[in-house]
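Here's the letter readout for the chains.
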Amino acid sequence: MKNRKRLMENAIHGIFLILGLITVGCVLLITIYLVISGIPAIRKIGVLKFLFGKKWASTAAQPQYGILPFILTSIYGTAGAIVIGVPVGFLAAVYLSKIAPPKVKTVIETAVSLLAGIPSVVYGLVGMMVLVPGIRTLFHIPDGASLFAAIIVLAIMILPSIIKVSLTALEAVPKEYEDASLALGATPVETYFRVSVPAAKSGIAAAVVLGVGRAIGEAMAIMMVAGNAPNMPGMFQSVRFLTTAVASEMSYAADGSLQKQALFSIALVLFLFIMLINAVLNFFLKHSKE
Amino acid sequence: MKKFVTLIAIVSLMLTAMTGCGKTVSGSVSTDGSTSMEKVIGALGEAFEGNNSGVTFTYNPTGSGSGVTAVAEGRCDIGLSSRNLKDEEKAQGLTETILALDGIAVIVNTDNPVNDLDLETIGRIYRGEITNWKEIGGNDLEIVLIGREAGSGTRDGFESITDTEDVCKYRQELTSTGDVITTVAGNPAAIGYASLASVKETVKALSVSGIMPTEETVKDGSYVVQRPFVLVTRSNTELSEAAQKFFDYITSSEANEIISSAGAVPVN
Amino acid sequence: MQKQSISTKRKAYITVMRVLMGISVSVTCALVLFLIGYVLWKGLPNVSWELLTTKPSYLSNRIGILPDILNTVYIVLATLVLVLPLGVGAAIYLTEYAKNKKLVEMIEYTAETLSGIPSIIYGLVGMLFFCQFFGMKTSLLAGAFTLVIMNLPTVMRTTQESLKTVPQSYREGAFGLGAGKWRVIYTVVLPGCIEGVITGCILSVGRILGESAALLFTAGFAHALNGIFEGLGSAGATLTVALYVYAKENGEFGIAFAIAAILMILTMFINLSAALVGRYFQRRRIV
Numbered sequence: 001m002k003n004r005k006r007l008m009e010n011a012i013h014g015i016f017l018i019l020g021l022i023t024v025g026c027v028l029l030i031t032i033y034l035v036i037s038g039i040p041a042i043r044k045i046g047v048l049k050f051l052f053g054k055k056w057a058s059t060a061a062q063p064q065y066g067i068l069p070f071i072l073t074s075i076y077g078t079a080g081a082i083v084i085g086v087p088v089g090f091l092a093a094v095y096l097s098k099i100a101p102p103k104v105k106t107v108i109e110t111a112v113s114l115l116a117g118i119p120s121v122v123y124g125l126v127g128m129m130v131l132v133p134g135i136r137t138l139f140h141i142p143d144g145a146s147l148f149a150a151i152i153v154l155a156i157m158i159l160p161s162i163i164k165v166s167l168t169a170l171e172a173v174p175k176e177y178e179d180a181s182l183a184l185g186a187t188p189v190e191t192y193f194r195v196s197v198p199a200a201k202s203g204i205a206a207a208v209v210l211g212v213g214r215a216i217g218e219a220m221a222i223m224m225v226a227g228n229a230p231n232m233p234g235m236f237q238s239v240r241f242l243t244t245a246v247a248s249e250m251s252y253a254a255d256g257s258l259q260k261q262a263l264f265s266i267a268l269v270l271f272l273f274i275m276l277i278n279a280v281l282n283f284f285l286k287h288s289k290e
Numbered sequence: 001m002k003k004f005v006t007l008i009a010i011v012s013l014m015l016t017a018m019t020g021c022g023k024t025v026s027g028s029v030s031t032d033g034s035t036s037m038e039k040v041i042g043a044l045g046e047a048f049e050g051n052n053s054g055v056t057f058t059y060n061p062t063g064s065g066s067g068v069t070a071v072a073e074g075r076c077d078i079g080l081s082s083r084n085l086k087d088e089e090k091a092q093g094l095t096e097t098i099l100a101l102d103g104i105a106v107i108v109n110t111d112n113p114v115n116d117l118d119l120e121t122i123g124r125i126y127r128g129e130i131t132n133w134k135e136i137g138g139n140d141l142e143i144v145l146i147g148r149e150a151g152s153g154t155r156d157g158f159e160s161i162t163d164t165e166d167v168c169k170y171r172q173e174l175t176s177t178g179d180v181i182t183t184v185a186g187n188p189a190a191i192g193y194a195s196l197a198s199v200k201e202t203v204k205a206l207s208v209s210g211i212m213p214t215e216e217t218v219k220d221g222s223y224v225v226q227r228p229f230v231l232v233t234r235s236n237t238e239l240s241e242a243a244q245k246f247f248d249y250i251t252s253s254e255a256n257e258i259i260s261s262a263g264a265v266p267v268n
Numbered sequence: 001m002q003k004q005s006i007s008t009k010r011k012a013y014i015t016v017m018r019v020l021m022g023i024s025v026s027v028t029c030a031l032v033l034f035l036i037g038y039v040l041w042k043g044l045p046n047v048s049w050e051l052l053t054t055k056p057s058y059l060s061n062r063i064g065i066l067p068d069i070l071n072t073v074y075i076v077l078a079t080l081v082l083v084l085p086l087g088v089g090a091a092i093y094l095t096e097y098a099k100n101k102k103l104v105e106m107i108e109y110t111a112e113t114l115s116g117i118p119s120i121i122y123g124l125v126g127m128l129f130f131c132q133f134f135g136m137k138t139s140l141l142a143g144a145f146t147l148v149i150m151n152l153p154t155v156m157r158t159t160q161e162s163l164k165t166v167p168q169s170y171r172e173g174a175f176g177l178g179a180g181k182w183r184v185i186y187t188v189v190l191p192g193c194i195e196g197v198i199t200g201c202i203l204s205v206g207r208i209l210g211e212s213a214a215l216l217f218t219a220g221f222a223h224a225l226n227g228i229f230e231g232l233g234s235a236g237a238t239l240t241v242a243l244y245v246y247a248k249e250n251g252e253f254g255i256a257f258a259i260a261a262i263l264m265i266l267t268m269f270i271n272l273s274a275a276l277v278g279r280y281f282q283r284r285r286i287v
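Sequences listed follow chains A, B and C, in order. For the first sequence, my numbering begins at 1 and goes up steadily by one. For the second sequence, my numbering begins at 1 and goes up steadily by one. For the third sequence, my numbering begins at 1 and goes up steadily by one.
These are computed hints drawn from the structure, not numbers from a lab. Possibly wrong hints are sitting among the right ones.
To be verified - Below are the DSS-like pairs computed for lysine-lysine, each with C-alpha atoms no more than 25 angstroms apart in a straight line:
1) Lys86/B x Lys200/B
2) Lys44/A x Lys55/A
3) Lys175/A x Lys11/C
4) Lys54/A x Lys219/B
5) Lys39/B x Lys55/C
6) Lys55/A x Lys204/B
7) Lys42/C x Lys99/C
8) Lys5/A x Lys103/A
9) Lys260/A x Lys86/B
10) Lys11/C x Lys98/A
11) Lys102/C x Lys9/C
12) Lys102/C x Lys11/C
13) Lys260/A x Lys90/B
14) Lys169/B x Lys49/A
15) Lys181/C x Lys5/A
16) Lys42/C x Lys200/B
17) Lys99/C x Lys5/A
18) Lys164/A x Lys105/A
19) Lys42/C x Lys245/B
20) Lys164/A x Lys103/A
21) Lys105/A x Lys5/A
22) Lys245/B x Lys90/B
23) Lys98/A x Lys9/C
24) Lys200/B x Lys99/C
25) Lys181/C x Lys101/C
26) Lys204/B x Lys260/A
27) Lys164/C x Lys181/C
28) Lys169/B x Lys204/B
29) Lys164/A x Lys164/C
30) Lys55/A x Lys201/A
31) Lys219/B x Lys204/B
32) Lys11/C x Lys99/C
33) Lys105/A x Lys175/A
34) Lys204/B x Lys39/B
35) Lys260/A x Lys44/A
Build the full structure now, drawing on both the sequences and the hints.
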């Protein structure tokens, strides 16, 4: 009886162990597949030519595979989204956590949660129907589908996550800090920005990391507003990001062709980029904690 | 708890088994490819399903290049391409069968006063040599060039006929005929090309050298900007029973009425 | 307490910050109102009974989204059936069984990494691995498997957090009574973590509903009307993919907005459910 019980215990232990290892397996799977698929093209094209080549013409008679335009576009797009989204989100979070009356806070929080859950294609749709024509008329350019449109859409998309995470971080600041500051003569607003915010620094940094991750990985919404031509990035130029470069040509690239392999390489570059950014930002986070 | 786990296991196994079953079910036809052919193949598929209950027809609108790839890789029964197969593609073991002819309409926004352009002017516009509408009798607006993605059959046809291969300076490269129509409809300075079968009243189709694109002018060849709708199959693999039946149906004269009402010109 | 007078410099700083905060909050609120309002305004008029219950027909020139609705339901079910056992199981292992700290850290780190990877990369790997290597072709099932990997971290995390709220004394009490480890989990811990599992479930459903990039290459965009098993084995568009195709490739904006309105209402519904679940369990905990 005891042996049977022990056998079952061990079996269950084994099952759960396997389930746990499957998670690790998944990440390994993704990394391995990307590396295997992505390396051949980089080898054939040459690392420097691939990463720093300025022209992408995958189906021309003399194909060229430089992805610098995509890399720069992704960087500028994400940077632009962060520059707009983080201050707005962060300031809104400060207001919500410290100044807003509770009822207002709950209403706005629910609204923000709703915004966070909206599928990216819906953002893309509204962007396509409202933002793109709007940019065209406002700035008197021939076509509104541009990097600028993508930046606005991305900024709006990362806003909810930034607000939510900053909120949590700000609420975790011990009340004693704020009370002490008020007792020393600071006004509430000064306290919030000179005391609470620095105390919540790591949480806010985490919000930025989250925002960067989401912005650099977005594909669908951007496909609908950014124009999709493989140009070097310009604010009002039609551009292609790393993500949309993969998405737009993947369906018709012939299997085994250099074009398809190059697309996998772009995905690999994107993957490594994200790993790098996460590692760097986490490194800074750890250090600022100390 | 045990019962729950067993239930999950059984359901998962069943789900996986069902995919296996999905492969051998005789009543399915899968097509993949050209977005220009959507209305034609969609109508044909629906009529086929209506006459043969128990058969499911699917169509994946991914673009001509993608359709050729899909059938070559065995991911669908029949590939759809709105251009002839290239020699390398035929060498891969693919056969082409022409289903119909389709005109490529050169479209502009309904607010654009220009009504007619000749082939050479169109070529010069797309090569970037003419940049403002006022140079050809339109408004003072910078011309916005809209085109298709590199694997598109429509683009291939347009570029080879206007002699602008590899030199088009597109402002936007879109992935479907419908998208080009939408974009041109929304921008007064845009010009684009799209399958005649799909053109709606939201845009204006230009006449080329005086010839309006209609079924007659495409059929007798006077409207020169045209290309074939092609069915792509693997040369040495037999189609499944349902797929073969579908193939025979759409290439017979029975299907001609449906093809015409969808806007293309039947050839059989 | 003496009231000090505040220097003009400080007064200016305070005013500036107040104004900035005001602008940020107003912009945020305006955005939310505009998005929700615009989508509902443009979409709801197009939502008709006919739209919801028919499949698209070329011959009668009609668009219906029933196949897309069904495809979405199938894919949600298939994903949940797979991700719940995996995620809950892995979480149980991590909190209850794992002795090796390094292994636990590694698994947690990889789970965090998984959640940061863009969905388009999942779509790519899913296409390579499930559609080609495993031979599932373009199908809802391949899409479901891809979604399972994407949602694994969420389910794991919420279950883990729930497991951690079960007081250690409960477990020790059960052990003290002579129960084996599995028995303890089964009877004492699992009931306690139901909340986490349900929350993880709801969050996953929300994420699956909104997912499109991962499904483009794995599940395709066909609109055939199928039963559940047939449907899983064949290509099909979910609501989000259908929205993209109708908007971008067909120019059917009325339909696209209708789908957007439906998706938005579903999102609201999911958020509401998650909040209700949270409140229900909170009340139980206090009692």
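Cross-check of the supplied hints:
1. Lys86/B x Lys200/B: Not OK: lysine 86/B and lysine 200/B at ~30 angstroms, beyond 25 angstroms, violated.
2. Lys44/A x Lys55/A: 16 angstroms, holds
3. Lys175/A x Lys11/C: 24 angstroms, holds
4. Lys54/A x Lys219/B: 44 angstroms, violated
5. Lys39/B x Lys55/C: Given pair lysine 39/B, lysine 55/C holds - Cα atoms ~15 angstroms apart, limit 25 angstroms.
6. Lys55/A x Lys204/B: Violated - the C-alpha atoms of lysine 204/B and lysine 55/A are around 34 angstroms apart, more than 25 angstroms.
7. Lys42/C x Lys99/C: 56 angstroms, violated
8. Lys5/A x Lys103/A: Violated. Lysine 5/A to lysine 103/A sits at ~55 angstroms, over the 25 angstroms cutoff.
9. Lys260/A x Lys86/B: 18 angstroms, holds
10. Lys11/C x Lys98/A: Judged against 25 angstroms, a Cα distance of about 19 angstroms means the pair holds.
11. Lys102/C x Lys9/C: Roughly 53 angstroms between the alpha carbons, so the hint for lysine 102/C and lysine 9/C is violated.
12. Lys102/C x Lys11/C: This hinted pair is violated, its Cα atoms lying about 53 angstroms apart.
13. Lys260/A x Lys90/B: 19 angstroms, holds
14. Lys169/B x Lys49/A: Holds. Lysine 169/B to lysine 49/A sits at ~23 angstroms (cutoff 25 angstroms).
15. Lys181/C x Lys5/A: 10 angstroms, holds
16. Lys42/C x Lys200/B: 22 angstroms, holds
17. Lys99/C x Lys5/A: Distance ~21 angstroms between lysine 99/C and lysine 5/A Cα, so the pair holds.
18. Lys164/A x Lys105/A: 12 angstroms, holds
19. Lys42/C x Lys245/B: 43 angstroms, violated
20. Lys164/A x Lys103/A: Distance ~17 angstroms between lysine 164/A and lysine 103/A Cα, so the pair holds.
21. Lys105/A x Lys5/A: 53 angstroms, violated
22. Lys245/B x Lys90/B: 23 angstroms, holds
23. Lys98/A x Lys9/C: 22 angstroms, holds
24. Lys200/B x Lys99/C: With a Cα-Cα distance of about 67 angstroms, the restraint between lysine 200/B and lysine 99/C is violated, given a limit of 25 angstroms.
25. Lys181/C x Lys101/C: At roughly 19 angstroms apart (the allowed maximum being 25 angstroms), lysine 101/C and lysine 181/C satisfy the hint.
26. Lys204/B x Lys260/A: 36 angstroms, violated
27. Lys164/C x Lys181/C: Given pair lysine 164/C, lysine 181/C holds - Cα atoms ~16 angstroms apart, limit 25 angstroms.
28. Lys169/B x Lys204/B: 22 angstroms, holds
29. Lys164/A x Lys164/C: Holds, at about 23 angstroms.
30. Lys55/A x Lys201/A: 41 angstroms, violated
31. Lys219/B x Lys204/B: 21 angstroms, holds
32. Lys11/C x Lys99/C: Not satisfied, since the Cα-Cα distance of roughly 57 angstroms exceeds 25 angstroms.
33. Lys105/A x Lys175/A: Given that 25 angstroms is the threshold and the Cα spacing comes to 19 angstroms, the pair holds.
34. Lys204/B x Lys39/B: It holds: about 19 angstroms lies between the C-alpha atoms, which stays within 25 angstroms.
35. Lys260/A x Lys44/A: 13 angstroms, holds
In summary, the structure is inconsistent with hints 1, 4, 6, 7, 8, 11, 12, 19, 21, 24, 26, 30 and 32 from the numbered list given earlier, while agreeing with the others.
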